[in-house]
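Dock chain B against chain A, hints included.
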Amino acid sequence: AQKITQTQPGMFVQEKEAVTLDCTYDTSDQSYGLFWYKQPSSGEMIFLIYQGSYDEQNATEGRYSLNFQKARKSANLVISASQLGDSAMYFCAMSFDYKLSFGAGTTVTVRA
Amino acid sequence: EAGVAQSPRYKIIEKRQSVAFWCNPISGHATLYWYQQILGQGPKLLIQFQNNGVVDDSQLPKDRFSAERLKGVDSTLKIQPAKLEDSAVYLCASSEQGALNEQYFGPGTRLTVT
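Chains as they are written, first to last, in my numbering: chain A, 1 to 112; chain B, 1 to 114.
Source of the hints: derived by calculation from the structure; they are not laboratory data. Honestly, I wouldn't trust all of these hints.
As the list claims (entries may be wrong) - For lysine to aspartate or glutamate, the following EDC-like pairs were computed, each having C-alpha atoms within a straight-line distance of at most 20 angstroms: (1) Lys3(A) <-> Asp97(A); (2) Lys73(A) <-> Glu56(A); (3) Lys44(B) <-> Asp86(A); (4) Lys78(B) <-> Asp63(B); (5) Lys44(B) <-> Glu14(B); (6) Lys71(B) <-> Glu14(B); (7) Lys3(A) <-> Asp56(B); (8) Lys3(A) <-> Asp57(B); (9) Lys99(A) <-> Asp56(B); (10) Lys11(B) <-> Asp55(A); (11) Lys3(A) <-> Glu61(A); (12) Lys99(A) <-> Glu85(B); (13) Lys70(A) <-> Glu56(A); (14) Lys70(A) <-> Asp29(A); (15) Lys15(B) <-> Glu96(B); (16) Lys73(A) <-> Asp22(A); (17) Lys99(A) <-> Glu96(B); (18) Lys71(B) <-> Glu85(B); (19) Lys16(A) <-> Glu61(A); (20) Lys73(A) <-> Asp55(A); (21) Lys44(B) <-> Asp97(A); (22) Lys78(B) <-> Glu68(B); (23) Lys71(B) <-> Asp86(B); (24) Lys73(A) <-> Glu44(A); (25) Lys15(B) <-> Glu85(B); (26) Lys78(B) <-> Glu96(B); (27) Lys3(A) <-> Glu96(B); (28) Lys70(A) <-> Asp86(A); (29) Lys16(A) <-> Asp97(A); (30) Lys44(B) <-> Asp26(A); (31) Lys83(B) <-> Glu96(B); (32) Lys99(A) <-> Glu15(A); (33) Lys99(A) <-> Glu14(B).
This one's a predicted model, so the numbers in the text were calculated from it and none came from an experiment.
Only chain A is shown next, with the shape it has when bound in the complex (with noise of 0.2 angstroms):
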């Protein structure tokens, strides 16, 4: 069975500066895909950033940039340059036979 665990409740970081959220993942698949989404206060989800399981390169997106470890079975998001914007949920997920997993997620609160 896949588990995605983010062991982050809530993160305070400064505007304009960068933040790390963590993510790890437990499977014995060899072909997998990991994904981070944004939920604002308003529920809807928000696809953020994809890394596949045999992608060598780490995944960008703008201000988002996701730091693959395979070896370590991990996954974190770094959003750079944060904005009040950000404050949000943050769930890291992964795929396998076409379905998600998602993990508890983890509250950025931005200050000004």
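Then chain B, alone, in the frame of chain A:
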């Protein structure tokens, strides 16, 4: 392009009552998902449709939950009878066939069972 639509946005019912949620996916998306998100947790997949067929409903409590997607477009999720522990946000998502990296979520329906 219109996003995934869900209604109602909020619903309060008493335990043992019935409730139904509706989802209209993005046009052309063959795959539709229903998730349950309990407060403080990540979403949990309840059921996955491919067109109008069920791909996975292994985590759907079938004694009280049912879902259908009769014409392969919109879908309804029903709970009958509701329990207190069903209080959660129910999220609908859709994607092109199997394209998890292009899975789009609706705004969700927040259910409170009293």
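Hint-by-hint comparison with the structure:
A distance of roughly 14 angstroms separates the Cα atoms of Lys3(A) and Asp97(A); the hinted pair therefore holds under the 20 angstroms criterion. With a CA separation close to 14 angstroms, the supplied pair Lys73(A) and Glu56(A) stays within the 20 angstroms bound. For the suggested pair Lys44(B) and Asp86(A), the alpha carbons sit about 24 angstroms apart, so the restraint of at most 20 angstroms is broken. At roughly 11 angstroms between alpha-carbon atoms, Lys78(B) and Asp63(B) fall within 20 angstroms of each other, so this suggested pair holds.
With a CA separation close to 23 angstroms, the supplied pair Lys44(B) and Glu14(B) exceeds the 20 angstroms bound. For the given pair, Lys71(B) sits about 31 angstroms from Glu14(B) by alpha-carbon distance, which is inconsistent with the 20 angstroms threshold. A threshold of 20 angstroms between alpha carbons decides the hint, and for Lys3(A) with Asp56(B) the separation of about 18 angstroms falls inside it, so the pair holds. Of the supplied pair hints, the one linking Lys3(A) and Asp57(B) holds, its CA atoms being roughly 19 angstroms apart against a limit of 20 angstroms.
At most 20 angstroms may separate the alpha-carbon atoms for a hinted pair to count; Lys99(A) and Asp56(B) meet this at roughly 9 angstroms. Annotation: proposed proximity of Lys11(B) to Asp55(A) is violated, straight-line Cα distance about 43 angstroms (limit 20 angstroms). Restraint check for Lys3(A) and Glu61(A): not satisfied, since their Cα atoms lie roughly 25 angstroms apart, outside the 20 angstroms limit. Restraint check for Lys99(A) and Glu85(B): the C-alpha separation of about 24 angstroms exceeds 20 angstroms, so the hint is violated.
For the hint linking Lys70(A) to Glu56(A), the alpha-carbon distance of about 10 angstroms falls within 20 angstroms, and the restraint holds. Pair hint Lys70(A) plus Asp29(A) holds up; C-alpha atoms about 12 angstroms apart against a cutoff of 20 angstroms. The straight-line distance between the Cα atoms of Lys15(B) and Glu96(B) is roughly 36 angstroms, outside the 20 angstroms bound, and the hint therefore fails. At most 20 angstroms may separate the alpha-carbon atoms for a hinted pair to count; Lys73(A) and Asp22(A) meet this at roughly 11 angstroms.
At most 20 angstroms may separate the alpha-carbon atoms for a hinted pair to count; Lys99(A) and Glu96(B) meet this at roughly 13 angstroms. With a C-alpha separation of about 31 angstroms, the suggested pairing of Lys71(B) with Glu85(B) is violated against the 20 angstroms cut-off. Note on Lys16(A) and Glu61(A): the hinted pairing holds, with a Cα-Cα distance of about 17 angstroms set against a maximum of 20 angstroms. At roughly 14 angstroms between alpha-carbon atoms, Lys73(A) and Asp55(A) fall within 20 angstroms of each other, so this suggested pair holds.
For the hint linking Lys44(B) to Asp97(A), the alpha-carbon distance of about 15 angstroms falls within 20 angstroms, and the restraint holds. A hinted pair counts as satisfied when its Cα atoms are at most 20 angstroms apart, and Lys78(B) with Glu68(B) qualifies at roughly 9 angstroms. Taken as a hint, the Lys71(B) and Asp86(B) pair is broken in the structure, with Cα atoms around 27 angstroms apart against an allowance of 20 angstroms. For the given pair, Lys73(A) sits about 27 angstroms from Glu44(A) by alpha-carbon distance, which is inconsistent with the 20 angstroms threshold.
The suggested pairing of Lys15(B) with Glu85(B) holds, with an alpha-carbon distance near 9 angstroms, which does not exceed 20 angstroms. Only pairs whose Cα atoms come within 20 angstroms are accepted, and Lys78(B) paired with Glu96(B) is rejected, the gap being roughly 24 angstroms. A threshold of 20 angstroms between alpha carbons decides the hint, and for Lys3(A) with Glu96(B) the separation of about 25 angstroms lies outside it, so the pair is violated. Simply put, Lys70(A) and Asp86(A) have alpha-carbon atoms about 27 angstroms apart, too far for the 20 angstroms limit, and the pair is violated.
Restraint check for Lys16(A) and Asp97(A): not satisfied, since their Cα atoms lie roughly 38 angstroms apart, outside the 20 angstroms limit. Only pairs whose Cα atoms come within 20 angstroms are accepted, and Lys44(B) paired with Asp26(A) is accepted, the gap being roughly 17 angstroms. Distance restraint check for Lys83(B) and Glu96(B): the Cα-Cα separation of roughly 33 angstroms exceeds the 20 angstroms cut-off, and the hinted pair is therefore not satisfied. Between Lys99(A) and Glu15(A) the CA atoms are separated by roughly 35 angstroms; this puts the pair beyond 20 angstroms, and the hint is violated.
As the CA atoms of Lys99(A) and Glu14(B) are separated by approximately 32 angstroms, the hinted pair breaks the 20 angstroms bound.
Violated hints, listed in ascending order, are 3, 5, 6, 10, 11, 12, 15, 18, 23, 24, 26, 27, 28, 29, 31, 32, 33; each of the other numbered hints is respected by the structure.
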